[in-house]
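Take a look at the letters that make up each chain.
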Amino acid sequence: MIGRMAAAFAAGLMLATPVLAADPPAEIKIGTLYASSGRYASISMPVHSALKLWVEQKNAEGGVYVKAFDKKVPIKLVAYDDQSNTATASTLYNQLITQDKVDLLVADSGSVLTAPAVAIARDHKMFLFDQTGTGASFFSKDNPYIALMADPVSTIWPKPVADFLTHDGPALGIKKIALLYSTNEFTGTQANAVRKFIKESGAPVEIVYDQGVPTETTNYTVIINNIRAKKPDAVIHLGYAPNDIAFLRNVNEVGVKFKWMFSIYAGLETELLEKNVGVKGLQYVYTYVPPSELDYPVNFGMKMPEFRALWNKTFPDGKVEFGFNAVAGYTTALVIEKTLSVATSLDQMELRRAVFSLSGQLKTLDGTFALDETGGQIGELTPLGQLVPNEHGHLKFVAVYPHEVATGKPVYPRP
Amino acid sequence: MPSAIRHLLFIVVPLLVVFAILPGVYENHLMLFNFVVFLILAQGVNVIYGFTGYLPFGYVGFFGSGAYGFAMMVMHAHASAPVAVIAAGLAGMLIGLLLTPLLRLSGAYFAIANLASSLAVLHFVANPALEDITRGPYGVSLTATFNPEAAYWAALVVLALTLGVVVYLKNSRFGLALQAVREDPVSAGMAGVNVVRMRVAAWLASALIAGLAGGVYAWYVSVFFPDNVFSGTFSIFAIVFALFGGVATIIGPIVGVLILYGVYNLIGFTTPQYFQLIYGLLIMGLVLFLPAGLVSLVTRRGRHVP
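Chains as they are written, first to last, in the working numbering: chain A, 638 to 1052; chain B, -16 to 289.
Among the clues, some could well be false.
Stated by the list, open to error - Not close to chain A: a few residues of chain B, all C-beta gaps over 12 Å, as computed:
| id | residue |
| --- | --- |
| 1 | 92 |
| 2 | 109 |
| 3 | 118 |
| 4 | 126 |
| 5 | 172 |
| 6 | 204 |
| 7 | 271 |
Claimed, not checked - Covered stretches of chain A (chain B as the covering partner; in silico rule of three or more C-beta atoms under 8 Å from a C-beta of chain B):
| id | stretch |
| --- | --- |
| 8 | 720 to 731 |
| 9 | 762 to 770 |
| 10 | 825 to 833 |
| 11 | 958 to 967 |
Because the hints were derived from the structure by calculation, they are not lab data. Remember, predicted model here, so these are calculated numbers, not experimental data. Every residue gets a Cβ at the ideal spot worked out from N, C-alpha and C, and that includes glycine.
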C-alpha cells in the first residue's frame, strides 16, 4: 500500500513538475555560403554581410533567445566561399551538414547557387533557409525542407508591373509593350509571369516585341534598334544588374527615348546603377520600389533607418552596397531569430513548423513575411515605382502602383 | 602478366575499392562524388588530349548535354535512372558527332572553336522557346529519380568503364596508332593509319565519357539549371587536373585529381580568402617547372609511368 502510494506520489510529482529545457549547447551553428568573386558576388556579398552584421550584433547582446533551451545562446556563423562555382557550392553545403554539423542551413544568394542546396538539404533532411533563391522549381509539395525568406517567388514578383500596364496603361495611352529579358531562371520566370498576367487580364494591350537574350549580353545596341522599330509604348527589361547597366547605358548612347521603361535593378541596387549609368540615365525609369524606400510597419527587428545607420557604421568604406540584397540578408536573419524563439527544439521539422508559424505574422523592414504551402514567399512584394529627379538633381522613388501604396503619379511619357 | 591486366589490378581496382569504401568512412559523400566525377572527366580529357593532342576547352558541352539528356529521358520518357544515364552518354556522343567537323582544326583554333560550340549548346538548351523540351532557363527538378546513393555507385561504374578505355588505349595498337597520329598525322597516314577514323573514334569516346558523367551528375544533384551543368569550371578543372598529373598515362590524371582537387577542397575549407592566390601559384608552378605534369618527375629519370 505504502509502495503504491509512493509510486502515485512520484507519478504526480512528475506530472506537476514543468518539463525542464534540454542542456543548451555552447553555441548555435548556422552554416552558409557566400560568393566573394565571380558572377554572383555582387548579389551574394550584401546578403552575406547583412547576415554577419546580425550575428555580431546578437553575439554582442549575449546571443539569441532559443526557446528550446529557454535562454540566450551565442551564434557561430560557419561560412565558406563558393566563388560563384556550383560544383564547389555542392561540396561545401555537404561539408556544412556532414562535417561541421550545423544546426541551421542557410543557402547562398540567388537561384543558381541555391539549386545545389535544395537536393542536398532534402537528402540530409535539413531545413533550408533559402535567402533569395526564387526559382519556382525549388518549391514542391513533396519537399518540406525549404522556405524562401526574403524575395517573392519569381512567378508572382512582377505582378505590380503587369497590373499597372493592364489597369492604368490603356488610360495613359500604353497599348504596345516590348519585353526583353535575359534567359536565366530569375528573369526568364519573371518574363513568363508578365506574359501570363497580361494575357489573363484581357486588357487592350499587346506584346509587340518578346525576346530573350543570353545573360552574358553586354551590348544591346542592335536589340534597342529592333525594339524601336516596333514602336512600343512601354519597354520592360528584365535582367541582372550587369544587364541593366549595359541596357540603360546603351539606350542613352543610342539616343532612343522610350516613353516608358522598366528595369529591375534600377530600384534594387540603385547605388550600383547610379555609379555605372549615371543619374541622367536612370531618370524616369520605372522599377521595383525597394523596402528601404517604404518604411514598412515593423513588429520585429530594426526599422529601416536604424538598419541603414548600423550598415553605414559597420561598412563605412561603401565597398558593399546598401540595397535590396542587404535588406534580404537581414530579413533572413530576423526569420532565423524569430524561428529560434518559437521552436521547441532544433529538430529540422520543428524548425520548419516554427518558420511556417511566422507566415502572415512576422512584419520586418522587408514587409510581411508570408509563405505558401510549398515554402514559396508570397509576401514582401515590391510595388512599382519611378525614379524621379528631385530639386537637387538626385533621384527619388515615387511609388505608383498599387494605388493604396502610391506616393505620386506616374510621369508618362518619359521626358 | 600482360601489362593491361597489371594496370587493371594495380591501378584501377585499388582506386575503385578505395572510392567504394570511403562513403562508409567519410560523411561528405558529395565531395567524394565530385572526386569521382572529376576523375572521369580528367580521364575523358586524357582520351582526347593525351592520345590525340586536341585540347577540348569546351569539354563541358558534352557533360551538360549528358545532364540534360538524363533529365529529358526522366521528364518525357519517364525512364529509369540507369536507362537515362545510358541515354545521357548517347546525348554526349550525339553532340560529339555533330561537332566532328571541328577536328579539321588544330591547336588554339580547335580549342577556341570547341569553347564556342559548348556555349552554343548551352544557349540552345537554355533557350526559353524550348521550355517544353528542356525547361529552358528555368531549371529541372528530377524528384522522381532522386537517389544520391545509387547515383554514387553508378558514377563508380562509369569511372571503371572510363579507366578501362584508358587502359585499353595505353596497351593496344589502337592507342599506339592514336599517339602516332598525335605526333605526326602525315607519317601516321603514310604508315597505314586511318587518321580521320582514329580521331573521330577518340573524340566520340571522350564525348561518351563526359555524357555519362553528366548523366550521373544530374541523377545525384536532381535540381539544376543550364548554368550549373554547363559551367566552364568543369572544363577548366578537368583539363588542369589532367595536365597537372600528366596526360597519355593512366596514373597522371588520377594523381592530378587527387592532389589538386584535394588541395582545392582543403583551401576552400580552411583559408578561402587565399584560395585563388594559392591555386594560381600552384598552376603557375606547374606550367613553369613541370609542363609535362607530375609524372615527368619520374619519366625524366628514364622510368616508365603507366
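Results of checking the hints against the structure:
The Cβ of residue 92 of chain B sits about 22 Å from the closest Cβ of chain A, beyond the 12 Å cut-off, so the non-interface label holds. Its beta-carbon lying about 5 Å from the closest one in chain A, residue 109 of chain B breaks the requirement of being farther than 12 Å from that chain. The beta carbon of residue 118 of chain B sits about 8 Å from the closest Cβ of chain A, which is not more than 12 Å, so the claim that it is off the interface is violated. Annotated as non-interface, residue 126 of chain B brings its C-beta within 12 Å of a C-beta of chain A; the closest such distance is 6 Å.
The claim that residue 172 of chain B lies off the interface holds: its Cβ sits roughly 40 Å from the closest Cβ of chain A, which is beyond the 12 Å cut-off. Separation of residue 204 of chain B from chain A is inadequate, the least Cβ-Cβ distance of about 5 Å not exceeding the 12 Å criterion. With a closest Cβ-Cβ approach of about 24 Å to chain A, residue 271 of chain B is found to remain outside the 12 Å limit, as its non-interface label requires. Under a criterion of three residues with beta carbons nearer than 8 Å to beta carbons of chain B, the stated coverage of the stretch 720 to 731 of chain A is upheld, 10 such residues being counted.
With 0 residues carrying a beta carbon less than 8 Å from a beta carbon of chain B, the stretch 762 to 770 of chain A misses the three-residue requirement, and the given coverage is violated. Look at the stretch 825 to 833 of chain A against chain B: 4 of its residues bring a Cβ nearer than 8 Å to a Cβ of that chain, three or more, so the hint holds. For a cut-off of 8 Å, the count of residues in the stretch 958 to 967 of chain A with a CB near a CB of chain B stands at 0, and the three-residue condition is violated.
Going through the hint list in order, the structure does not satisfy hints 2, 3, 4, 6, 9, 11.
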